[in-house]
Structures are given as structure tokens and as C-alpha cells.
Amino acid sequence: MKPSLPKGTRDFLPHEVRRRNYIFDTIRSSFHRYGYQPIETPVMENLSTLTGKYGEEGDRLLFKVLNNGDFLGKADDQDLASKDSNAVLPQISKRGLRYDLTVPFARYVVMHQNELAFPFKRYAIAPVWRADRPQKGRYNEFYQCDADVVGSDSLLYEAELTQLLDEVFSALNLGVVIRLNSRKILAGLAEIAGHEDRMLDITIAIDKLDKIGEEGVKKELLERGVDAEAVSTIMQFLATDDLEAVAPLLERSEIGMQGVRELREILTTIGFLVNRVEFDVTLARGLDYYTGCIYEVAVDPEEYPDVVMGSIAGGGRYADLTGIFGGRDLPGVGISFGAERIYDVLEELNLFPKDTNDDLDYLLLCLDDESLAHGFDLLRDLRRQGHNTDIYPTAAKLGKMMKYADQRGAPRVVIIGSREAASGEYTVKDMRTGEQEVVERLRLVGTT
RNA sequence: GUGGUUGUAGCUCAGUUGGUUAGAGCGCUGGAUUGUGAUUCCAGAGGUCGCCGGUUCGAACCCGGUCUUCCACCCCA
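Take 1 as the starting number for the first sequence in my numbering and just add one per residue.
In short, the hints are calculated from the structure, not lab data.
These numbers were taken from a predicted model, which means no experiment stands behind them.
Incorrect hints may have been included.
[Said to hold, decoys possible] Derived pair list, reagent style DSS-like, types lysine-lysine, alpha-carbon separation capped at 25 Å:
1. K400 x K429
2. K64 x K94
3. K219 x K208
4. K53 x K94
5. K7 x K94
6. K121 x K53
7. K94 x K74
8. K136 x K64
9. K136 x K7
10. K136 x K94
11. K7 x K64
12. K64 x K74
13. K64 x K83
14. K94 x K83
15. K218 x K136
16. K218 x K208
17. K208 x K53
18. K403 x K354
[What the hints assert, rightly or not] Derived CB-CB ranges, DEER-like:
19. K208 x P6: 29 to 39 Å
20. E141 x T268: 50 to 60 Å
21. G216 x A131: 26 to 36 Å
22. H112 x T268: 50 to 60 Å
23. M44 x N86: 16 to 26 Å
24. R443 x A131: 29 to 39 Å
25. T41 x R18: 18 to 28 Å
For glycine and all other residues, C-beta sits at the position ideal for the given N, C-alpha and C.
Using the sequences and the hints, build the whole thing.
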């Protein structure tokens, strides 16, 4: 049988894992610096926890886990005979793989509300699964790095999370644009246009402005049943790229003005950042549960015009995610980094630091069996003193062992033959410069 | 979920109208060099041509199905 991988999943080689860890470590240390605490939840959740939280499209993309045992025997014969998947599904599957980290977090907060101090700030770096059709930058299994805070509606957190986004990307040396909008402004826009009930249709259409242009958006709006007068009102909004230009248009909408005031406050609270922060009225974001400020981060198109990649981080405020699970109604706000896309972009732009190689200090090479015994003893001493050290496990030809050292990326090798074993002075070769010197055991091992 | 695209050595890819033994570069193994890798020279190994079926005297090549890759939708990180 030929080995294979499920579609949309990948293996990682050691150097790839190191580079991924570089991203995870950078993000994690910022999370810690901002006072977020780690939590963990299972990769599987009850389907009832997951369904209905991501819209119709999201439900379709959930990976379902088959029930154990005779799962078909317990299913209804009529439903089975009619091949009605929607009817059969709840009878044969009660669990699914998590689709993101936010909904499981909401479930977690409700279940542990009496053990947590609010506002509760947590982070999680973990894989999630979506049964999407894979493309580049789009996988069926991928990592998210989330920071959320629940139990406070303070706008300070929106500002803090924007700073956090900025800090992480400047630590990664990647120029980005952080775009902000508010669901309240979008709701206000729908209200002004006289289609309060069509907010979703309207936002989906205007979200495509970049891609299909003004005419395309007009067409899409009309197709979605928005009347011509409303369309021209909406197009007025799209012509603005400044919060203060949008504000007068929203004067008649209470919720819209609330959104404007909130964004104003957030923008003035943020202070100086390395990356640009822009208000973007066309920013929509699909996830159903967002109710306030929304974020999206993209690679800076001015700095890297050739990079084609969707958003690499995003997030927003949600007013009542915990309410769905019957808990106290706790407001929350959070952000999520897409580690895989960040990886692909850093790779494409060659922005990974050089030293994400093997972190070995020494590799010991022994030329005969007595030297090998000697080397194994030296190995233990080096390791005890905190040197990352490895040894070639047999006495072999030096050329062969040197080649192995080269492939391992070992920065230094210690050559041990009968001369060295007898004298306790070793030949240490620097693999980069090619220089070698004779070093006494005490000086090599060092003391602590 | 819809439409398209891709698959040949470990990797990147050639392969003529369907015709003898499917090639190259890189990588790998061994040697030149029995105590020196990354450079040089020589030699060698490595293939169910994604998989299943069909057409044909004959299929890497044509046809059907399937899996996979990537792309455009949809949606999203």
C-alpha cells in the first residue's frame, strides 16, 4: 500500500517545524506580555456546540465524527432510505472537529464561569479543521493563534488588541495594514439605505469592492434585491475612505453613530504604531457572531505589491457569544493569527531569520571503538554543562561522518581519535569557517 | 458545494503523429582521498509514468472513472 495523506493536510520537516515555532513563539511571547493566559480545549466538541455559530456555510464546512459502535443500526430507516443527509446526520454523528478556537472558548467560559476572574484574558495556539476545498494558503487543517478577552465591554481592549497585532507583525519584520471597521457602522449603513434586514447581503456585496469594482458591487446589490435608490446611497459610503467622511452620512442612524464614536475612541487610544491602521467601510468579515469593532490584517500592498494572500489575521467584538450557551451574557473581543498564511508569506518574502537551523552546539565524531567509549563519556559531560550535543553512533570513516555533520547543520564538530582520547585534548572544527583548533577537555566542557 | 487544472526518479522537469531498453539537472550511494564536510573528477543505484478500467497488434501519450495538486467561484485564516 502506498502511503498518502488526507487532502488539505501536510507533514512538516524539522526545518519547517523550527520556522513554524519561530512564528508561534513570537506570537506567544506577545500574548504573555499583554497578560493573556493559556488554556486548552479538546480538538473535538459536541456538534451541538459548533453548529449554527458560523452561518450556513460554516456548518457545511464542519468535519463530523461518526458515532462509535453500530451507528447505522440506531438511525431511522425512513431517513436512511430517503438518503436525506441532513436528517440522518444528527443520528449518526454527535461530535465534530473544532472549526475555530473562539466558539469552544465561549463554551469553556460558560462551563467554568465560577472559576474564572473577569475580565478573563486567554490565548490558545492550536489546530482547527475546515472541510473546505484546499488551495494555496488554505488548508483543511491549520493552526490559529487566538487571544480573546471576555467579561468587559471596555474599548481599551480593542485598542490593546490592535497594538498586539502591530507588535507581533513588527517582531516578525513583516509590513502589514491593519484595517478596522464596525458592524455597527455596517448596520447603520443598512438602516440609512432602508434595508435594515438586509445587512448581511449588503456587507457581502460591498466586501467585494476590491475584487469586482464599483460596477460589480452595484450589480451584486441589485441581484441581491436591494433597490436602486438604496444602492446609490450605499455607493456614497464606498466612496469614502475616512471615518470622518462616513460620520455625516450616518447621522440619522443611532447605531451607526455609536459605531463611529467607538471607532474614534479606539483610534485615538491606540497611539503610535509601526504599521498603518486604516478605517475601511468595506471590511465585513463573515463570522456571524461579530457585533462591534472588526479587524483584518493584510500584507502591506504598497510594500509588497507582488504578494497575493488573503487576510493573515482578523478578529472582532462579539456581544453575546456566551449567551448562546445559556451563560451570563458576557461581551468579548478577540483576534486570531493565521499561522499558515504568515508562514507562506514569510517564506515567499524570505523573511525568516537565518538561525532557525539545528540548535546543536557540538557533534562528536569518533574514529575507533575506544575513542567512541571516550566520546560517549565526554558527551555526557558536555550535556550536563548545558551544551546541546550529539554523537555519531559508530566509529566510521571521517569523511562520512563529516558529511553527516554538514547535513545536520552542526556548527562545530569534535574529532576524537586515539591521540585525542589519550591526551584529553580534542580537535574542534568550526564547520562554517573550516578552521580547527586543539582544545583541552576542561576548556571545552566549561564549568557552571 | 460549482467550474476548471495538475500528476513521469527523493526534488525540479523533458518525453516527437501511439512504436525497441522512459531521459536530464540537482540530490543519493561508492570511489579518487583508510584523520576532514560544503568545491572538483569518476562510477553506480534509483521508475507499478497517481490509481482502476477501456480502446489498440502495441498506451507515459487516446477514452471513462477515481484520488491528488493548484486556480476561479462560494467562503475564509
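So, going through the hints one by one against the coordinates:
1. K400 x K429: holds, 15 Å
2. K64 x K94: holds, 8 Å
3. K219 x K208: The hint holds at about 11 Å.
4. K53 x K94: holds, 16 Å
5. K7 x K94: holds, 24 Å
6. K121 x K53: Measuring from Cα to Cα gives roughly 21 Å; hence the hint holds.
7. K94 x K74: holds, 13 Å
8. K136 x K64: The hint holds at about 24 Å.
9. K136 x K7: The hint holds at about 12 Å.
10. K136 x K94: violated, 31 Å
11. K7 x K64: holds, 16 Å
12. K64 x K74: Distance ~17 Å between K64 and K74 Cα, so the pair holds.
13. K64 x K83: Roughly 17 Å between the alpha carbons, so the hint for K64 and K83 holds.
14. K94 x K83: holds, 18 Å
15. K218 x K136: Given pair K218, K136 is violated - Cα atoms ~30 Å apart, limit 25 Å.
16. K218 x K208: holds, 11 Å
17. K208 x K53: holds, 23 Å
18. K403 x K354: Status holds; Cα separation ~21 Å.
19. K208 x P6: 29 to 39 Å: holds, 31 Å
20. E141 x T268: 50 to 60 Å: Between E141 and T268, where Cβ atoms are some 40 Å apart, the hint is violated.
21. G216 x A131: 26 to 36 Å: Since G216 and A131 have Cβ atoms about 29 Å apart, the given range 26 to 36 Å holds.
22. H112 x T268: 50 to 60 Å: Check failed, 35 Å falls outside 50 to 60 Å.
23. M44 x N86: 16 to 26 Å: holds, 21 Å
24. R443 x A131: 29 to 39 Å: violated, 59 Å
25. T41 x R18: 18 to 28 Å: holds, 26 Å
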